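Engineer: Hey, can you work out the whole structure from these sequences and the hints?
Listed in order, the protein sequences are those of chains A and B.
FYI, the numbering used here numbers position 142 of the first sequence as 142, with every residue one higher than the one before it.
FYI, the numbering used here numbers position 300 of the second sequence as 536, with every residue one higher than the one before it.
Treat the hints loosely; a few may be bogus.
[Claimed, not checked] Looking from chain A toward chain B, a few residues come up when the C-beta cut is under 8 Å (computed):
{"id": "1", "residue": "27"}
{"id": "2", "residue": "52"}
{"id": "3", "residue": "55"}
{"id": "4", "residue": "71"}
{"id": "5", "residue": "109"}
{"id": "6", "residue": "113"}
{"id": "7", "residue": "140"}
{"id": "8", "residue": "142"}
[Claimed, not checked] Mimicking DSBU-like on lysine-lysine, the simulated pairs with C-alpha atoms at most 30 Å apart in a straight line are:
{"id": "9", "chain 1": "B", "residue 1": "381", "chain 2": "B", "residue 2": "243"}
{"id": "10", "chain 1": "B", "residue 1": "453", "chain 2": "B", "residue 2": "381"}
{"id": "11", "chain 1": "B", "residue 1": "361", "chain 2": "B", "residue 2": "259"}
{"id": "12", "chain 1": "B", "residue 1": "391", "chain 2": "B", "residue 2": "361"}
{"id": "13", "chain 1": "B", "residue 1": "391", "chain 2": "B", "residue 2": "243"}
{"id": "14", "chain 1": "A", "residue 1": "197", "chain 2": "B", "residue 2": "381"}
{"id": "15", "chain 1": "B", "residue 1": "259", "chain 2": "A", "residue 2": "197"}
{"id": "16", "chain 1": "B", "residue 1": "361", "chain 2": "A", "residue 2": "197"}
{"id": "17", "chain 1": "A", "residue 1": "116", "chain 2": "A", "residue 2": "218"}
{"id": "18", "chain 1": "B", "residue 1": "243", "chain 2": "A", "residue 2": "158"}
{"id": "19", "chain 1": "A", "residue 1": "197", "chain 2": "A", "residue 2": "218"}
{"id": "20", "chain 1": "B", "residue 1": "259", "chain 2": "B", "residue 2": "381"}
Just so you know, the hints here were simulated from the structure itself, not pulled from any lab data.
Model, not experiment: these values are computed from the prediction.
C-beta atoms are modelled at their ideal positions from N, C-alpha and C, and glycine is treated no differently.
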Amino acid sequence: MPAPTPTSPRIIPIADHALLVEFGETIGEAAHDAVLQLDQALTDQPCQGFSEAIPAFVNLLVDFDPLVTDHAAVEAHVRGLLGTTRRVVHAPRLHEVAVCYEAPFSRDLDEVAERKGHTVETVIAAHLLGDYQVSMYGFAPGYAYLAGTPEAIQLDRKLQPVRDIEAGSVMIAGPMCIMPTLTMQTGWWVIGRSPVKVLTGDPTRPFLFDVGDRIQFKRISADDFARFGTQAGGHG
Amino acid sequence: MAEAKLKVVMAGPHVSVQDGGRKGQMRFGVPASGPMDRRAFAIANAALGNPLSVPAIEVSMLGLTLDCIAGSVTFAVCGGEFRVQLGSETIGSWAVATLREGDRLAIGMGPWGTWCTLAFAGTFKATSWLGSVATHSLSGFGGGKITTGQELVIKDAQLRAHRERPIVPPDWTRPEVEPRVVLGPQTRFFAPETIEAFLAAKFSLTDSYDRMGVRLKGPALPPEGALSIPSEPIVRGSIQVSGDGVASALLADHGTTGGYPKIATMLDDDVSSFAQNRPRGEVQFRAITPEAAVRLARERAARQAGFLERLAGGR
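Structural biologist: Listed below in structure tokens is the structure:
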């Protein structure tokens with residue numbers, strides 16, 4: 001089977017109710033852009049029996065109702081969407097997300113600096129300079145994978161996961177950055193904490209980010225963190 | 237309006253509030269959740285004349301005991317073969333009956349089955365999240381786990397004496413020992429002989445079993461060079477293989493993406509009857525084509541709809 005590409009995806013049937021559309025086998029911008037474009041195209045022009053789509057790094061899962069349609073019909077629809085000339089992709093939103101890099105929120109910041117041979121301030125500056133994009137959600141509700149951690153501060157995950165990492169922690173591993181929505185066990189490096197809630201509690205927009213949105217981190221002090229959300233317009 | 241109050245005397249692990257599920261949110265990391273056995277859940281509601289997906293309690297293998305401390309309400313139990321005691325009387329595991337003030341309802345482990353639904357003729361009040369009370373076990377979002385000491389409230393509690401009767405469970409509600417799968421989507425990470433071994437062998441369910449999934453015991457299915465695959469979408473029923481070759485079936489509260497290859501995926505409807513197998517129960521996966529899978533889904537849906545219609549209409 002030839003490897004899939006952004007212009008020539010591989011489409012694989014899943015059980016009785018889904019297709020996996022693959023635009024690549026390794027993480028890359030072109031494959032992810034193709035995922036976002038197909039995701040948008042399906043939102044604009046869903047096929048008969050379309051249930052939902054799950055975008056990931058290099059592929060998009062298209063879930064459908066087998067009582068209404070089947071794999072062949074959905075595949076034909078998807079191929080039709082790919083074949084059309086590039087439509088306007090809705091502009092991704094840019095979110096400014098506050099982060100406090102001070103103790104006790106930044107338990108691994110010193111070790112990240114030491115391992116990368118930087119000062120703590122350099123690590124913070126590098127993290128703030130990253131141009132992050134919401135690649136996908138996974139693992140748990142609102143658990144967004146943000147691609148864009150600069151190479152200068154990239155580290156593999158810890159060998160042993162650490163328990164009870166708080167929700168809202170800003171964590172990095174490899175090219176990814178995550179803010180967990182639940183207290184969890186994780187091997188990611190905790191460099192700060194954000195008071196911003198990805199699970200907004202707003203029923204009209206329960207998740208702060210859409211896949212494809214851009215994120216810019218903004219540094220705040222521990223005092224700002226404590227005050228956050230008490231002023232209007234503090235979110236987003 | 238009449239109200240019934242139930243006090244939880246004992247709740248086993250994994251007993252939770254469920255409804256038809258929270259669909260359409262997988263892109264945000266939220267699986268549909270909902271009942272582990274969707275068929276039994278729908279049957280319980282149909283037997284009461286309820287809409288099929290209204291909130292009810294999902295009881296796990298280790299059971300649930302409730303005292304009715306106020307009011308009275310007709311209820312249905314369906315799914316598996318549990319021991320159901322109403323006061324001093326043993327009623328069938330699949331039945332509609334009425335719980336009155338002072339009665340104790342005890343649902344305990346019986347000869348087979350892992351999950352059963354307890355539904356009510358009334359409105360079971362529970363916390364909703366994203367439009368559904370289905371409990372997502374990892375986060376606790378939704379109606380939540382049922383715990384010992386808790387008080388449950390049924391609003392608009394009704395007596396439906398004309399519906400009280402044993403229900404004869406159809407054969408298709410038994411645990412499925414030959415779940416149908418479509419191979420993939422990541423068969424390319426497995427040697428042909430590994431895929432053969434997957435289909436030829438019996439796998440048993442282990443005690444590592446909850447609403448997120450169950451680890452399986454069977455031959456090792458070593459993936460080839462799959463340790464660095466980018467995280468990919470997951471659906472309910474995926475058979476995922478970790479780096480050490482151990483397979484797991486992902487169930488109602490599955491993660492929505494993950495980096496382990498999926499060797500096969502169960503048909504959606506088979507996931508319900510697969511989940512009624514107990515730890516140490518054996519299954520053998522049967523591969524069918526995607527076309528056959530869709531045909532089977534349609535046949536099954538028609539068969540189940542017919543049964544539910546007769547049950548709901550039956551007086």
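Engineer: Are the hints correct? Go through all of them and say.
Structural biologist: Quick rundown of the hints versus the structure:
This hint holds: residue 27/A has a C-beta 5 Å from the nearest C-beta of chain B, less than the 8 Å allowed. At about 5 Å, the closest approach between the beta carbon of residue 52/A and any beta carbon in chain B falls short of 8 Å, and the interface hint on this residue holds. Among the interface hints, the one on residue 55/A holds; its C-beta lies about 6 Å from the nearest C-beta in chain B, closer than the 8 Å criterion. For residue 71/A, the shortest C-beta to C-beta distance to chain B is roughly 5 Å, which falls under 8 Å, so the interface hint holds.
With its C-beta approaching chain B no nearer than about 26 Å, residue 109/A sits outside the 8 Å limit, and its interface hint is violated. The beta carbon of residue 113/A is not positioned within 8 Å of any beta carbon in chain B (closest approach about 27 Å), and the interface hint is therefore violated. Here the hint on residue 140/A is kept, as its CB sits about 6 Å from the closest CB of chain B, short of 8 Å. Residue-level restraint check for residue 142/A holds (minimum Cβ-Cβ distance to chain B is 6 Å; threshold 8 Å).
The hinted pair formed by residue 381/B and residue 243/B meets the criterion: a straight-line CA distance of about 14 Å does not exceed 30 Å. A threshold of 30 Å between alpha carbons decides the hint, and for residue 453/B with residue 381/B the separation of about 28 Å falls inside it, so the pair holds. For the given pair, residue 361/B sits about 20 Å from residue 259/B by alpha-carbon distance, which is consistent with the 30 Å threshold. Proximity of residue 391/B to residue 361/B is assessed by CA-CA distance (about 7 Å); at most 30 Å being required, the pair is judged to hold.
Taking the CA atoms of residue 391/B and residue 243/B, the gap is about 15 Å. The hint holds against a cut of 30 Å. Between residue 197/A and residue 381/B, the direct Cα distance comes to roughly 24 Å. Compliance with the 30 Å bound is thereby established for this hinted pair. With a C-alpha separation of about 22 Å, the suggested pairing of residue 259/B with residue 197/A holds against the 30 Å cut-off. The hinted pair formed by residue 361/B and residue 197/A meets the criterion: a straight-line CA distance of about 27 Å does not exceed 30 Å.
Our distance criterion of 30 Å between C-alpha atoms is met by residue 116/A and residue 218/A, whose separation comes to about 22 Å. Pair hint residue 243/B plus residue 158/A does not hold up; C-alpha atoms about 46 Å apart against a cutoff of 30 Å. A threshold of 30 Å between alpha carbons decides the hint, and for residue 197/A with residue 218/A the separation of about 15 Å falls inside it, so the pair holds. Taking the CA atoms of residue 259/B and residue 381/B, the gap is near 20 Å; set against the 30 Å cutoff, the hint holds.
In summary, the numbered hints that this structure violates are 5, 6 and 18.
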